[in-house]
Amino acid sequence: MAATVKTLLEHHGELYWGTRKANPGYCYGLALDVGADGLAAELVYVMSDLDENDEPLVTPETLVSCFTVNDLEDNGIILSNYLDDEDAPEAVGWYCIEKSFFGRDNVEALLDDNARLDGYLDIVLQILLISPEEVAQGMPSLDELSFFDLLEELEGVAERIDNGDVQPPLPFTFHLVGDALFGWEHADEEDFR
1 MAATVKTLLE HHGELYWGTR KANPGYCYGL ALDVGADGLA AELVYVMSDL
51 DENDEPLVTP ETLVSCFTVN DLEDNGIILS NYLDDEDAPE AVGWYCIEKS
101 FFGRDNVEAL LDDNARLDGY LDIVLQILLI SPEEVAQGMP SLDELSFFDL
151 LEELEGVAER IDNGDVQPPL PFTFHLVGDA LFGWEHADEE DFR
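Following the UniProt record's numbering, the numbering of the sequence shown begins with 1 at its first residue and continues without gaps.
A couple of the hints might just be wrong.
[Said to hold, decoys possible] Once the Cα atoms are required to be at most 35 Å apart in a straight line, the calculated DSBU-like pairs of lysine-lysine come out as:
#, residue 1, residue 2
1, 21, 99
2, 6, 99
3, 6, 21
It is worth saying that the hints were derived from the structure and are not from the lab. Quantities reported herein were computed from a predicted structural model and do not represent experimental measurements.
Model the full assembly from the supplied sequences, consistent with the hints where possible.
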């Protein structure tokens, strides 16, 4: 089910999914879309409700056909704002999204921030700085970068914001859609828009 970074780029904004054994009941979706102006990234967290046997109602098989957030809603997975809402629609799970945009016009600032914070945007910068010649060759430098490598890097963005390591104004845009299912213990995401 997990893809490479190259696969994500080749499928222009479609969600790909993965799970971690350490976090049963949670699934992670990633989508990338690169354009002339920069790289858009979506990290989607899905938390499953449980059945009467404490088994997740949302399984990796459920998510295989979910290429967009609308597909989540069609499968009974609703925005995390409704998690504790008694009047919420019936749901099998909840999701939130961390949306980031890394502009090509901010590459110098991204490089500086990345160097200051021990390479927390290495993969993002590798994508932004890829040459047209390498694109023509099929982007071989991205072959070894896995879904989970990118997942860890994008999770680190929110973690560094929350811990105060990355200060506003950010050298990229960041927006949380829904109530956070992970992280966000200290910072208010709205302060970083």
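Which hint numbers does the structure go against, in order from smallest to largest?
-> Of the numbered hints given earlier, the structure breaks none, since each of them holds.
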